[in-house]
Amino acid sequence: AQSVAQPEDQVNVAEGNPLTVKCTYSVSGNPYLFWYVQYPNRGLQFLLKYITGDNLVKGSYGFEAEFNKSQTSFHLKKPSALVSDSALYFCAVRDWGAAGNKLTFGGGTRVLVKP
Amino acid sequence: DAGVTQSPTHLIKTRGQQVTLRCSPKSGHDTVSWYQQALGQGPQFIFQYYEEEERQRGNFPDRFSGHQFPNYSSELNVNALLLGDSALYLCASSLAGTGKNSPLHFGNGTRLTVT
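Protein chains in written order, with this note's numbering: chain A, 1 to 115; chain B, 1001 to 1115.
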């Protein structure tokens, strides 16, 4: 079974500092990886995806993610965090089966950016 | 361009009752998936509908059932509600045939509270 793990329940960072949210994955075959963000009482918003190609993926709102096959990681990064980036972040892997394409999510990491 | 819409936004039910949640996919999408997100956890896949049929199902009991209509909208039904069914229920839509490059688009969810 495919899975992702987010080892940190919460990440605290000062505004203007770099932000990193960690994710490791376990898949059979090629990984199809995604990052989503969730604001309070809202659904999930797509940030970026890795399907194949460059290991550095650019996404929405200044976020990027680095795919590392040898470390089976897909960490989310932002060079300079904003207070408005405070939210819940989810890493997910797509289970690309013949019958469907469900996402398996990690447990989430809460990001708190302090002014 | 309307995104994924879900109704109602909040719902309170009593143990043993039945509930129906509704979802309209993003314009142009034909596939609907349902996820359950318990408090403090990542979303868990319930099932996916395409061409009015359940195509894939997660580890949820038969009390959870669904339906997809010819206009691609969908319903999630939960019978014999348990306290543990209290969660945010998320609907996500996508377009079949667009492949692994297409992210899922999520609605804002229905918050179900079972008392």
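I should point out that these hints are in silico values taken from the structure, not numbers from a laboratory. All residues carry an ideal CB built from backbone N, CA and C; glycine is no exception. Please note: incorrect hints may appear among the correct ones.
Here are the in silico distance ranges between beta carbons for each label pair [stated by the list, open to error]:
| no. | chain 1 | residue 1 | chain 2 | residue 2 | range |
| --- | --- | --- | --- | --- | --- |
| 1 | A | 3 | B | 1084 | 21 to 31 angstroms |
| 2 | A | 16 | B | 1059 | 38 to 48 angstroms |
| 3 | A | 20 | B | 1005 | 17 to 27 angstroms |
| 4 | A | 14 | B | 1069 | 43 to 53 angstroms |
| 5 | A | 68 | B | 1013 | 37 to 47 angstroms |
| 6 | B | 1054 | A | 29 | 37 to 47 angstroms |
| 7 | A | 17 | B | 1054 | 41 to 51 angstroms |
| 8 | B | 1008 | A | 9 | 43 to 53 angstroms |
| 9 | A | 71 | B | 1095 | 45 to 55 angstroms |
* To do: Look at the Cβ atoms of residue 71 of chain A and residue 1095 of chain B and judge whether their distance stays inside 45 to 55 angstroms.
  => violated, 33 angstroms
* Confirm or reject the claim that residue 68 of chain A and residue 1013 of chain B have a C-beta distance inside 37 to 47 angstroms. => Check passed, 45 angstroms falls within 37 to 47 angstroms.
* Do residue 17 of chain A and residue 1054 of chain B keep their Cβ atoms within the hinted range of 41 to 51 angstroms? -> Roughly 46 angstroms apart at Cβ, these two residues keep to the hinted range, so it holds.
* Asked: For the pair residue 20 of chain A and residue 1005 of chain B, does the Cβ-Cβ distance stay inside 17 to 27 angstroms?
  -> Once the Cβ atoms are compared, 34 angstroms apart, the range 17 to 27 angstroms for residue 1005 of chain B and residue 20 of chain A is violated.
* Asked: Is the hinted range of 38 to 48 angstroms satisfied by the C-beta distance from residue 16 of chain A to residue 1059 of chain B?
  -> With Cβ atoms ~43 angstroms apart, the hint holds.
* Asked: Could one say that the CB atoms of residue 1054 of chain B and residue 29 of chain A fall in the range 37 to 47 angstroms?
  -> Because 24 angstroms falls outside the window, the suggested range is violated.
* Asked: Is it true that the C-beta distance of residue 3 of chain A to residue 1084 of chain B lies inside 21 to 31 angstroms, as the hint says?
  -> Distance hint for residue 3 of chain A, residue 1084 of chain B holds at roughly 22 angstroms.
* To do: Please test the hint of 43 to 53 angstroms on the beta carbon pair from residue 14 of chain A and residue 1069 of chain B.
  => holds, 49 angstroms
* Look at the Cβ atoms of residue 1008 of chain B and residue 9 of chain A and judge whether their distance stays inside 43 to 53 angstroms. => Check failed, 30 angstroms falls outside 43 to 53 angstroms.
Taken one by one, the earlier hints fail for this structure at numbers 3, 6, 8, 9, listed in ascending order.
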